[in-house]
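Protein chains: 2
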Amino acid sequence: MSGERGAREALRRKERRVPVKGIRQLPFARIENRYPPIQLLSADEIDAIHHASLRLLQEVGMEVLHEESRRVLKAAGAEVDETNQRVRYAPELIESFVAMAPAEFTLEARNPAHNVKVGGPHVIFAATGGPAFASDLDRGRRAGNYQDMCDYIRVVHRLNVIHQEGGCPIEPTDLPAETRHLDFYRAAIALTDKTWQCWALGGYRVEDAIEMAAISMGKTRAQLKASPVTLTVVNSNSPLRLDIPMGEGLAAMAKAGQPVAMTPFTLAGAMSPVTIAGALVQQNAEALALIALAQMHNPGVPVLYGGFTSNVDMRTGSPAFGTPEYTKAALASGQLARRYKIPFRSSNVTASNCVDVQAAYEGGMSLWGTIMGGVNLIEHAAGWLEGGLTASFEKLILDAEMLQMMREFLNPLQVDEDSMGLEAIREVGPGGHFFGTGHTLARFERAFYEPMLSDWRNFENWQDGGAKTGTERANAIWKELLKSYEQPAMDPGIAEALDAYVAKRKEEIGRQSA
Amino acid sequence: MSGERGAREALRRKERRVPVKGIRQLPFARIENRYPPIQLLSADEIDAIHHASLRLLQEVGMEVLHEESRRVLKAAGAEVDETNQRVRYAPELIESFVAMAPAEFTLEARNPAHNVKVGGPHVIFAATGGPAFASDLDRGRRAGNYQDMCDYIRVVHRLNVIHQEGGCPIEPTDLPAETRHLDFYRAAIALTDKTWQCWALGGYRVEDAIEMAAISMGKTRAQLKASPVTLTVVNSNSPLRLDIPMGEGLAAMAKAGQPVAMTPFTLAGAMSPVTIAGALVQQNAEALALIALAQMHNPGVPVLYGGFTSNVDMRTGSPAFGTPEYTKAALASGQLARRYKIPFRSSNVTASNCVDVQAAYEGGMSLWGTIMGGVNLIEHAAGWLEGGLTASFEKLILDAEMLQMMREFLNPLQVDEDSMGLEAIREVGPGGHFFGTGHTLARFERAFYEPMLSDWRNFENWQDGGAKTGTERANAIWKELLKSYEQPAMDPGIAEALDAYVAKRKEEIGRQSA
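For the protein sequence lines, the chains are E and G, in the order given.
With my numbering, the residue at position 103 of the first sequence is 103, and numbering never jumps.
If you want my numbering, it's the 1-based position in the second sequence plus 1000.
Please note: incorrect hints may appear among the correct ones.
[As the list claims (entries may be wrong)] Far from chain E by the CB rule (all over 12 Å, computed), these chain G residues:
1. 1029
2. 1052
3. 1072
4. 1084
5. 1146
6. 1158
7. 1186
8. 1397
9. 1421
10. 1457
11. 1484
12. 1499
13. 1501
14. 1502
15. 1509
16. 1510
[As the list claims (entries may be wrong)] In silico DSSO-like cross-links for lysine-lysine, where the CA-CA straight-line distance does not exceed 30 Å:
17. E:506 with E:219
18. G:1504 with E:468
19. G:1117 with E:468
20. E:117 with E:468
21. E:479 with E:468
22. G:1479 with E:479
23. E:225 with E:74
24. E:255 with E:506
25. E:255 with E:219
[As the list claims (entries may be wrong)] Which chain G residues face chain E? A few, computed with CB under 10 Å, are given here:
26. 1419
27. 1451
28. 1508
Hints listed in this document are in silico derivations from the structure and should not be mistaken for laboratory results.
We put the beta carbon where it would ideally sit given N, CA and C, even for glycine.
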C-alpha cells in the first residue's frame, strides 16, 4: 500500500457528513486575469502571420456581397471591383482603420451592478447563443422553442458566474422566423437584467435590438451610441467573403455604436487551409477586414477580435472542437488580438453529442486556451453542445462549474507572512493536524473554492446518496435554479413600451412579408 | 440563426461516414515541453516560501522515526534530539545537500525503446499506482486482486501514450500482504517492457525490486546504481514526520542509486495550514528535508521534487483534488522545483467516485497545472479515481485520451511560408472550400490530432451508433486493448531466474513471519 493512499484513508475516516441546502454558488463578480498569457508563438511568428494576412487582403482581398459596405470601403480608399464584388485593401488602409478601435470599453446592463468591462485584464463569460435545439436528460433533444428559450435564459440569469446572455440560447423555431428576434429580445430584456447579445443577421434585426435596448434602459439612441449596451457576433463567410445579412448587421451595429465580435469561421481543412498557421493567416485577414470596415462606418466604434479557428476530422469532414489544435489557435489568436490592442473573443466548445466526459475535456481544453490566451469575452462559455447545434441544460451547469473553477484560479495566490502560517505549523508540530488551530478556525469558511456540481463525498456516502453522476447532479441543479427563479423587477411603463414596440414591429413585418 | 451555426450546418451536410477499424492511438514517444511555464508567483514570493521553509526546518525541524536516517543526518551535521527523534537542519546544510541532486537523468527500461528521460524539458506520463480497489462499468467496484492488477498492467502496456507503469495500479489484496510486492514486481516485469515503479514501504520491498530489476535487465546491482531502472514515491507523514517504513524505503533506494519522488502529503486544512501558501511552505520544507537525506545516503543520487498540495472540503473534511487551489499549488511547486534544479513530479487527480464529467474536469484542471507548471513526471497520469482509492479501467482510457491531447498540444505550431499556405488560399479564393486543394491533399493524413475516445460524428450518426457516452466508449476500448494484448518477449532464462528469486523470497519471508 502506498503512503499516499494510507494518508488519504486516514483522512477519509475523519470525514463528516454535512448536507448542503440549496444551490451553492459564487456571487456575481467582474473578473480580471492578471496572469501573463501563454506566448505560444514568437514575436517573429506573430509578425509573419500579420504580414501574410495583409498580403492576402492586398492581393486576393474579400468578396463583399453587401453593396453599402462596398460603397463605404471605396470611399475609405479600398480598391473595389464591382464586376465581381471583390475588395482589395492596401496594408496601410487596414492598419490605419484597425488602429481606431478602442482597447477597452464598458457594456451597460439595465441593472448597473451587471455592467461589464471589455478589454484589458477583464474576462466576460457569455452563455451560449445560436443553438437550434434544446436538450436535457428528462426530455432529450428537441427543436428549439419559446418555452425552452425562456427557461434557459432564466437559468442563465440565476447562474452568477455567467456575466452575459449570449444571443439567444435556443432559437424559438415555433415562432415565425421573420419576427422571432423580437420575442427573443423581449424575453432577454425581461428575464434577466444582465447584458444580452442581439442578432446580426440583417440590419432590421439589429435596429430592433437597439430600439428595444434604448426603451429598456430609458435612454435615447444617441446615449446608447456613446455608451453601448448590446453586442453581436459577425461571422465572415469564410473563406474571404462577407455576405449581405452579415454586412447589414455589421453596418447597423457600427453606426449605432454597438460592439461586434468579428469572427471568421475558419475550420482548418474545410473553409481554410489544412494547417493551423494557414487558418490563422486567413482568420486574421478576415477579422482585420471586418474590424476596419466597422471603423469606416463609425471611427472609434468598439469591436472585438474573434478567434474561432478549429479543424475538421479529415476522415469524415466533421468539425472538431476543443482539440489541441483549437487550444493552440486560441493562444495564437490572443497574441494577434493583443498586437492590435483589440479585445479578444474566444469560445468554450465541444463536438460531443451528450453531456459526458468528452464534453468536459473538450470544454476544458477550450477554456484553458481562451484563459491563457488572454481572452476578454468567452462566447458560448456555458451550455453549448454538439458543435453548437444544441443548448443543453445540464451542459450549462457543467460549464458554470468549470467557469467558477477558472474564476477561482484567476484569483491570485496570496503569499505573505500571515498566509505562510509558520506559527500555525510550529503550533501543530510534527504528526499533528490543523483542523482545530486558530489559523484554520479564522479562515476555514472562505479558505477554498466550494463547488456547485462536484461531489467530494467518499464512495460510501456518494453511494448512499444515489450514486449520481455529475450530469445527473447537473440535472437536479438547473431544475432547482429554475424553480427558485424570480424575474428581476422592471418599471411597468418600460414593459408596456416594449410590448407596444414588439406589437407594432410584428404588424409592420407581417405587412411587408404579406 | 447565427452565422456560426449556419456555417456548421453547411459543413455537417458534407460529413461522410468513415468507420475506423481497431483502436487508433498515437505511437510511443518521448515528450518535450518547450513552452515557458506559467509563473504563478513572483521570484520574491518563491524566495519567501523558500526562506520560510528553511526557517521551519531550522526551528521546528522534522520528526524522523527511522533510526538509520537519524544517524545519517547527525553524521552530516544536522542537530538530532534522540529524546523526541526531532531533527533540525541549518539552512546551509539543506542547501548544500540539495545542490548535489542531478537536474536530469535517464531511467532504463528492459526494452531500450521505452527508456525515459527525467528532468529538463522531458515529460513522463506514469499510470496510477497504489489504489486498493478496481472498477469498471461491467463489474463495478471491487477489492483489488491479482487478476485485475495484471489486466490493468496489460492495458497500460498497450496504451502508447503512457510511458511508465506507476507502482502497482491495483493492490492484489487476494495475495499475502508480506509477499504481494513480489507478485506485483514479477507481473510488472513480464507484462510490460516499459519502466515500472516499486514500493517504498519498507527496505526489503525496495531490495526485492532492485534484485528483480537487475535480473530482468541482465545487469549487476553496481550497473543499476550507475544507471537507474526503477523509481518510487516517498511520502512524508505530514506534518513534518518521516516514518520508519518510508525512511527504510528512502534509504534503500538512495543507496542503490534509484530515484525517489519526495512527495509531502500536504492537504491544506488537514495536514498543513488552511492557506495554500502555508501548505507550500510545509511541502517545500518536507521535500527539501527528504531530498537532502537522500543525498546524505548517496551524494548525487537522482531524486524528484514532489508537489501534491491540495485542500480538504472544510465542511466535511473530505480531500479535494483537481481544484483551482490544486492547480495553483502545482504551478507554484514547479517554480520551486526549478529553483532547486530538480525534476518536478506532480499528478492527475480527481475526487470523483465515477468516470463522469467531474472526473474529466478535475483531471483537466490537474493536467493543466502540471503541464504549465513544467512537470517532468506525472504520477497517476492515467486511471486514478476516487481520490486514489480506485483504479478504473474506463478512467485509464479517458486519461489516455486527455494525455494524447496534451502531448499534441506540446507539439509546437509550425509557422513558415509553407504552413501559412498563402498560395492555397489564393487558389481557393472567396467562398470556395479547401477539401480538394493540393495543399490539403499533401497534408490531410497527418494534419490533425486523431482521437482515441472522442466521437466527432454528427448527432444522427452518433445516435445510429448507439448514442454511447464517452465512458461507455472507454469501456469498449479497454476491452479491445486487453483482448488484443500480446505479452512482450522475454529471455526464458531470465523468466526462470525471476521465478526462482520470487520463490526463494516467498519462502524466506514466510519463514520469518512464521
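The hints, checked one at a time:
{"no.": "1", "hint": "1029", "verdict": "15 Å, holds"}
{"no.": "2", "hint": "1052", "verdict": "5 Å, violated"}
{"no.": "3", "hint": "1072", "verdict": "18 Å, holds"}
{"no.": "4", "hint": "1084", "verdict": "9 Å, violated"}
{"no.": "5", "hint": "1146", "verdict": "15 Å, holds"}
{"no.": "6", "hint": "1158", "verdict": "20 Å, holds"}
{"no.": "7", "hint": "1186", "verdict": "18 Å, holds"}
{"no.": "8", "hint": "1397", "verdict": "10 Å, violated"}
{"no.": "9", "hint": "1421", "verdict": "3 Å, violated"}
{"no.": "10", "hint": "1457", "verdict": "6 Å, violated"}
{"no.": "11", "hint": "1484", "verdict": "21 Å, holds"}
{"no.": "12", "hint": "1499", "verdict": "25 Å, holds"}
{"no.": "13", "hint": "1501", "verdict": "23 Å, holds"}
{"no.": "14", "hint": "1502", "verdict": "20 Å, holds"}
{"no.": "15", "hint": "1509", "verdict": "17 Å, holds"}
{"no.": "16", "hint": "1510", "verdict": "20 Å, holds"}
{"no.": "17", "hint": "E:506 with E:219", "verdict": "23 Å, holds"}
{"no.": "18", "hint": "G:1504 with E:468", "verdict": "48 Å, violated"}
{"no.": "19", "hint": "G:1117 with E:468", "verdict": "41 Å, violated"}
{"no.": "20", "hint": "E:117 with E:468", "verdict": "38 Å, violated"}
{"no.": "21", "hint": "E:479 with E:468", "verdict": "15 Å, holds"}
{"no.": "22", "hint": "G:1479 with E:479", "verdict": "37 Å, violated"}
{"no.": "23", "hint": "E:225 with E:74", "verdict": "25 Å, holds"}
{"no.": "24", "hint": "E:255 with E:506", "verdict": "24 Å, holds"}
{"no.": "25", "hint": "E:255 with E:219", "verdict": "17 Å, holds"}
{"no.": "26", "hint": "1419", "verdict": "4 Å, holds"}
{"no.": "27", "hint": "1451", "verdict": "8 Å, holds"}
{"no.": "28", "hint": "1508", "verdict": "21 Å, violated"}
In terms of the numbered hints stated before, the structure departs from hints 2, 4, 8, 9, 10, 18, 19, 20, 22, 28, listed from lowest to highest.
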